[in-house]
Structure formats: C-alpha cells, structure tokens
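Number of protein chains: 2
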Amino acid sequence: MMPQMHLSLSLSLSPIKIFDPNSLAMENESKTHEKTGFITRSWDRFKALPGNIKAKAVEIAKKTKKIGKDDPRRITHSLKVALALTLVSLFYYFKPLYDGFGSSSMWAVLTVVVVFEFTVGATLYKCMNRGFATFLAGTLGVGANYLTSLLGEEGEPIALGFLVFILTATCTFSRFFPTIKARYEYGVLIFILTFSLVSVSGYRVDKIIELAHQRLSTIMLGAAICMIISIFVCPVWAGEDLHNLVANNIEKLASFLEGFGGEYFRVLEDGDSDMVTKKDKSFLQGYKTVLNTKTTEESWANFAWWEPGHGNFGFHHPWKLYLQIGVLTRKCAFHFEALSCYIHSDIQATPEFLRKIQEPCKKMSLESGKALKELSLAIKAMTHPFSADAHLANSKTAITDLKTSLEAASGETSTDLIKIIPAVTVASILTDITKCVEEIAEVVRELSQEAHFKRVEKIVSKEKPPLIDRRSVNPVGDGGGEHVVIEVHGVLLESSENENPQAPKKG
Amino acid sequence: MMPQMHLSLSLSLSPIKIFDPNSLAMENESKTHEKTGFITRSWDRFKALPGNIKAKAVEIAKKTKKIGKDDPRRITHSLKVALALTLVSLFYYFKPLYDGFGSSSMWAVLTVVVVFEFTVGATLYKCMNRGFATFLAGTLGVGANYLTSLLGEEGEPIALGFLVFILTATCTFSRFFPTIKARYEYGVLIFILTFSLVSVSGYRVDKIIELAHQRLSTIMLGAAICMIISIFVCPVWAGEDLHNLVANNIEKLASFLEGFGGEYFRVLEDGDSDMVTKKDKSFLQGYKTVLNTKTTEESWANFAWWEPGHGNFGFHHPWKLYLQIGVLTRKCAFHFEALSCYIHSDIQATPEFLRKIQEPCKKMSLESGKALKELSLAIKAMTHPFSADAHLANSKTAITDLKTSLEAASGETSTDLIKIIPAVTVASILTDITKCVEEIAEVVRELSQEAHFKRVEKIVSKEKPPLIDRRSVNPVGDGGGEHVVIEVHGVLLESSENENPQAPKKG
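Taken in order, these protein sequences are the chains called A and B.
So in the numbering used here, spot 161 of the first sequence is number 161, and the numbers just go up one at a time.
For the numbering used here, add 507 to where a residue sits in the second sequence, where the first one is 1.
Mixed in with the good hints, there may be bad ones.
Pairs of lysine to aspartate or glutamate, EDC-like flavour, derived with a Cα cap of 16 Å [as the list claims (entries may be wrong)]:
#1 K801/B x E298/A
#2 K419/A x E914/B
#3 K435/A x E844/B
#4 K331/A x E844/B
#5 K942/B x E337/A
#6 K880/B x E949/B
Example chain A residues on the side facing chain B (calculated, C-beta under 7 Å, incomplete) [what the hints assert, rightly or not]:
#7 V81
#8 S89
#9 V109
#10 V113
#11 V164
#12 A169
#13 S196
#14 L197
#15 A338
#16 K403
#17 A409
#18 S428
Chain A is nowhere near these chain B residues, computed Cβ spacing over 10 Å in every case [claimed, not checked]:
#19 A564
#20 G638
#21 G662
#22 H720
#23 N755
#24 G816
Rather than coming from a laboratory, the hints here were simulated on the basis of the structure.
Every residue, glycine too, gets a C-beta built ideally from N, C-alpha and C.
In isolation and in its complexed conformation, chain A is listed as follows (with noise of 0.2 Å):
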C-alpha cells in the first residue's frame, strides 16, 4: 500500500504539475469549446482556492506534528544541523582571515551541510570517508601534479587528462563492489573529486600544499563540530536503533502468535463471536512490517560498526548477530504471511474435530509467542534470555500433543478429508513456526552471549513452568515438581557464571 500512498501524494505536492504541458494543453481546449463553462469553472476554482490553500496547509500541518510524534528525535536532529551550521557560518562570518565567497571558508559550511546525519555512526562514517579520502587524494594529486609537469607544457595536460580519466574510472567501479558500497563509497567519491580538483588545478606544488593544508583544516573543523553535536547533544546511536529494531520486531512476532490462536479459534467460543470481532485486531497486522526491514537493518548495521563504545554497546558489540536474528525473524514472518490466509476463513470442520486440536494450537502458539517475548524482553533488557526456554519446552510438548490428538482424531474418523484440510495446515504451519522460534532463540542466546549479556534469573520465572522436557506429563498436577527444577536451574546458572568469569558484565 506505502508505495502507491508515496506516488500519489508526491504527484500532488510536485512542483513539475505547474510547467505540466497536458494540464496546459487541457485548458486549451475547454477554453475554444466552452468558454463560458470555463470561466465559471475558473472563478469556482478561485473563489475555492483560499479554502482549498487553508485544507492543504492544515494537511501539511497534521502530517509535520505526525512525523515528530512518531520519533520525536527528528525535531532535535534538524535542531542539532541547523547549531551546527550556524556555528560554522558565524564563526567564518566574524573570523578576521576570512576572504569572502569561494575561499577555504566554504569548506566548513559544505562539509557540515554534507556530512551530519541522523545517526551517529553515519555522520561518523562520512567524517571519516570524507577526511581520509580528502588527505589521500590530495596527496597523490600534488604527486601527479608534480610527475606531469616534468612533461613540459605540451604534455602535462594530456598526461593529466589521462590519469584523470583511469583513477575515475576505476574508482567508480570499485563503488560497486558490495564491501566497499557498504562502508567507503562514500569514501570514494571525495577521493575522485579532490584528486581531480587538486590535479586540474594547475598550481605550482608549494601554493597547493598551502591550499590543502587550508582546506584539510577548515574540513577537520566542520567535521569535528557535526561529530561533536552529534555524540555530545542527544545523540541517536544506529546500534542502539538496531538493537531497538530486533527487540521490537521480535515483539511484533510474539504478539501475533499469541493472539493467533484465540482469533483462528474464536468461532468454538460461546457464541460472543461478533463481540471478538469488533476488539483491536492490530497485533494481526503488526508482523507485516517486519517483512521488509533488510534494507533498514544492513545499513543501520553497517553505521553502528563505525560507532565507538556507548553505554551497554561495547566496540565489538557483535552487530552481525543482529542481521542474522533479523533473517531468522523475517523467515518466521513470511510464515505468518501463508498462516495469515486462514485467519479470515470460514472453518469447515465438525466442532468437535476442531476442539480436539484446539488445544495443542492454541498452546503451540502462545508458548511460541510467550517465548518470543521473552526473548524480545530479553535483548531489550540486555539480559540472558533463560525465561524464553520453559516457553520454548512447552511449545515442543504442545507438538507433542498436537500428534497424539490427531492420532485419536484419525483412528475414530469417518471425518471428511476436506472440511479439516485449513485446520490442518494451520497446524502444521504453527509447527513450523515453532521451530523458527527455537532458531531464533538459539541466536538469541549466541548473542546474549557474545555481547556479555547479564545474568539475571528474572523473578516471574517462577511462576513458569520448568525447563525438563515434559511431553505428555499434565502442567496442572506437579507444583511442587516446578520448584525443585528451578532450583536446579538456578544452580546450573551459579555454576555457568563461576566458569566464565567474564561474562556477567554489567552495563
């Protein structure tokens, strides 16, 4: 739906509609054939147009207060660029070398224009792309340029012209290869245009050195103001909003899961059918956005590896296991995708066929979203993730169940193949989905582990069910059972942390 709502809202706001020819060529024509109809037409539109200008800016206005609501760090981010800039203009403005316009003071102001953006790793990444590049490029070109002119008048031009032309060439073709797209593209492009800056200049080689040293500082100066607001006031950390990212996609997953299985099964409860119908159903709706955040994830990923330590995030916090956990999400997500289609179906199947199965579901999927949001609680919280497993055991028992109930279902039957087919793969696909989960989980845990996660055995697992397998053994008659377990567990996990003693780490 997002990208036909962009064209159609970008084609009323696009200023190319007032040089639009056929808009033109159409009033033309109205104008020879029905003048009068036209004029009236016009006058209608221009009496409309105060009303029509008042709707728009009322539009616009709800829009802008929507995009600050939705992440309030937008308004402190073009606040932060607008200081910045500022600070460099004025500072250009009343300084006493400044020459006026084309001077090294421009510099400044085009670097921060350029480089500041939303998140810190990527201001940091073009600050640094830009710097490295700058010195770099002006190094060899004031070498090129020294070499060429021992050429003599007649050749240095051309021997220029050519170099020009293959460091150009190749450099744009190394912008394709994908690790250097990822993290110096950038990079790359200030190298070409200082190199062919420098090289067609046409100074002699002491003037150029004065120059680049000129430019090398008024650069290092925006530079190091963008980098300065941008860590020092508020800053917005990439792998802090990667690490949000997982953590609620995650939560989306588990929403849905847990309340898949009371909506699919909704039509067996008393009646009271239409009341369900008419409660929020967004958390059925909730997972589509984790379709699509591959893009989102690779380069938030990429701009958190150039970000330096920052509260709980270490510099080697293991980014990539972020981008993996986001595969395994987005696998579970096109699961729901496929299971999402019987929601909405008309069940076929005999009540009583789908109330012996109704269990096990049911169990399978709010274990499975149980343990998705522990899990999701977990990464927030930056704590291991122990709570998710006696969800994640439950799950596998609700599997468990699910084939012994379908083993008496098919010995009794004379059911009709047809009628049960939805419900049956509704089951099957939550089976499947399960096991996506423990996937995720597993990955979980490898990075609860490698970022130093604490370990906390958090209280409400004691009202949890314990961690032993415990496939057809009934969950309501063994309470006491469930305390001797936990503290087994509870001695497992003393005796984890006493192994590795580097790992509780606390934030």
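Chain A is fixed; fit chain B onto it per the hints.
For chain B alone, coordinates are given in the frame of chain A:
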C-alpha cells in the same frame, strides 16, 4: 547469508585494522610473554606475505571479473563517468578564463562527480534538484543578504545567523517527509548549502549576482555534460531496469512452481530419486532474491519518474503498477518460503494417498508456473497477457480435481491423519499460491491496458486449452472445442480493439 559475508569481507579489507588498538595490544602482550615465539611467527608471516598478497590479488581480480560479468553496464558506466570528468577537467584546464583552484571551475568538477549516477533517472533527479535548488537558494540568499544589510553592521550577522538557523532546521525536518525524501531530498540538501554559502558570503549584492551567474553557469555546464553522456552514451534506464526486474522476478516464481511438483512427488517416480537429486536445483532457490526487492523497486520507480519517454516507455508510463506487481510477487514468494519447508521432508504418507493427490497438485503447480511464465514473457515482450488465461483456468480446474480426489480419499480411508499432514499442507499452500498468481495476473492485465501493450495473439496459444471454465471436463477429449473458443477469443479481441482505438500502440 549475504549480510554476514559482507561484514566478514569488509573486516578483512578494512583499513581501520591497521590502527586497531586491540590487535596492537595483543601483539604487545605476546611480545612480552613469548618473544621468540612471536619473532618466529612474525618471520613466518613475513615469509608468507608475498603468497598472501598474491592470493589476495587473485581473489580481488576474480571478484572484479565477476562484478563486471554480472552486469557489463557497470564497466561502461565507469568509463562514462571518467569521460565526463576528463572532459570537464580539460575544458577548464584549457579555458583562458581559468584562474586556478577555488575558482568557479571547481563547481563543474564537483557537479560531475556528485551528480553522475548509474541510471539516467538518478542522474536527472540529481541534476534537476541541484539546478533548481541552487537557483532558488541563490535568489533567496541574495534577498536575505540585502534585507539584513539594512540592519547595519551589528544586527546583520545576528539576523543572518537566525535566518540560517531557522531555514536549516525547517529544511532538515522536511527531509523526513516520505514524499520529499523520495524525490527532493538532494535538492533540499543543496538548498541549505547554497543558501548558507550565499548568505554568509558577506559580499555586496551586485558582486554576489555576478558570482552566482558564474557558478550557475558552471554547474549547468557540468550537469549538461552528465545528462548528455548519461542519456546518449549507452544509457541505463531505471524504468527499463524496473520493468525487467519485475518480469524476471515473476519468471523466478514461475521456475519454482514449474519445478516444485516434480520435486516434491519425486519419491513416487520409479526408484531413480538419486539421479533426480543430483539435478540442478537452483530453480528452487531463485525465488529467494524476490523476497527482498522492495527497496530496489521503490527507488527505481522514483528514478523512472524523472526519465523522459524512451523506447516503449512513454512519459506517463504507469510505474506505480510495477510496484503493485512487486508487492504481489513478494506475497507469492512468502508462500514459497512456507512451502519450501516441505520439499525435503520425509513424505510419510502412504503412496496410495500421495498418488491420489499427486496429479492435481502437480497440475496446479505446473499450470500456475506456466501462467506466471506467460505473464513474465508478456511483460518482457510488452504484449497483452492473453496466453496466461488458459493456464490460470487449468490451475483452477486442478483445484476442483484436488477436491474430488480428497473427497474420494476421505471416503475410503482409515488413513492415518498425522502421516498425511505434510502432503495436505503442501496442497493447501499450493491452492493459496494459485490465488496469488491470479492476483498477479489481474494487475499485469491492468498494466498491459494502461501502458498500451501490443495486442498480439501468440501462435503458441493455439496449442493450449481454451478460456472457459472446464472444471471436470477432461482436457484430452475436446480438441474441436478448443478451436472454436480460440476463434471466439480472436473476435472478442478484435472488437475490444475497435472499442478502444487509442489502445493498440506499437513500440
């Protein structure tokens, strides 16, 4: 898999590694602890260095070759950029007006480097944005300069600083609007840049106007060279790329579906399953690239919007329909993801049961695949997708057949329900996919209407079953009927052409 590869590769190529404090620390440690061991290891490493460098060089050469081979237009693009930059450089090198580094000459070089993008659309987007924004911001900047100069020596910098702050904050915030982000982000950047440069330049207005004229003309020279080379030397059209991407994605789905039936039911074939397993299975993986094309499609659609009409693509080509097709293709691919879990599962169902559903399932998969292939071919050839209709009808028939088979199966059985679950799930998901394929066909039909695709009846379609819904009729028995319907189809085609005279537009 890709993201991890990216990261590990970039780490191995990263220049940051040279300055890695950790690795230095580690080396220091080993130095103190076991000096001889360190020396030996260093010497070994040093001896191995030429070999390592050679291996690295070979690896890079291989990668370069692969990148060039994957899309030879990348090589052309690199040469085009180099050509444009060399032209501009030399132009300024020889130009008598030329007065060295820092003059307005650099703006042409800067423009070429920054503006030249891979596709025509992206280049035009940047050129247009740069041109308009520079003009607008320049005008505003001159006005601001004039007005603030009335405030006197003291008030001017404060008023200017205030103006720069307000404008920068507003413009930066406006970049968060999806519409502006998609189409005018670069322009906003250039607007901020030019405005602050002009307003803090401190020149008198007449001097600024002279400079602005000089700068605009150099920017226009750079932009013009970029646009000319981009459009006339081996152009890469974003619209054409989008068109091909969408068609290829549909083809990938088609290959999967055409192969899936045979692959899933292969164990039933007479024993030689090993031989089949050795076959090339890439068709089963091809759809995976479809899952994550959203970002690419959207950016290409945005760039395509800037491109002038070319070849078969008019100025008002309905690019947004490609995005719709993209959404549906991905939806279909999500189902494949759910389906692919079952490809390598051990089919536990009894061969009798499998044989019953094998025929309709295979047919459903094959015919949906063929329909998609026809749609893909129709898009590629820009013809109306009539030939897909017969296959769609066939796949619908197969759904009915499946129902019949299942009814028969459920009548006779004492089938073990658990054992048939995977097979039944596959059948059920295939049914959903068939519906997805129909949706895709619907939008492709709409596209063929709006984009005025050619209305040619392919000769191939004579070999195919007719359009009518034949449900339980055996496709073998009514060759005569086929002929009649094709004639009817042809008549319908003729009449619709007459009704809609502007529709048949040749490339």
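Now the hints, each set against the structure:
{"no.": "1", "hint": "K801/B x E298/A", "result": "14 Å, holds"}
{"no.": "2", "hint": "K419/A x E914/B", "result": "9 Å, holds"}
{"no.": "3", "hint": "K435/A x E844/B", "result": "14 Å, holds"}
{"no.": "4", "hint": "K331/A x E844/B", "result": "8 Å, holds"}
{"no.": "5", "hint": "K942/B x E337/A", "result": "14 Å, holds"}
{"no.": "6", "hint": "K880/B x E949/B", "result": "15 Å, holds"}
{"no.": "7", "hint": "V81", "result": "5 Å, holds"}
{"no.": "8", "hint": "S89", "result": "4 Å, holds"}
{"no.": "9", "hint": "V109", "result": "5 Å, holds"}
{"no.": "10", "hint": "V113", "result": "4 Å, holds"}
{"no.": "11", "hint": "V164", "result": "5 Å, holds"}
{"no.": "12", "hint": "A169", "result": "4 Å, holds"}
{"no.": "13", "hint": "S196", "result": "5 Å, holds"}
{"no.": "14", "hint": "L197", "result": "6 Å, holds"}
{"no.": "15", "hint": "A338", "result": "4 Å, holds"}
{"no.": "16", "hint": "K403", "result": "6 Å, holds"}
{"no.": "17", "hint": "A409", "result": "6 Å, holds"}
{"no.": "18", "hint": "S428", "result": "4 Å, holds"}
{"no.": "19", "hint": "A564", "result": "14 Å, holds"}
{"no.": "20", "hint": "G638", "result": "13 Å, holds"}
{"no.": "21", "hint": "G662", "result": "13 Å, holds"}
{"no.": "22", "hint": "H720", "result": "13 Å, holds"}
{"no.": "23", "hint": "N755", "result": "19 Å, holds"}
{"no.": "24", "hint": "G816", "result": "13 Å, holds"}
Violation of the numbered hints given earlier is absent; every hint is satisfied by the structure.
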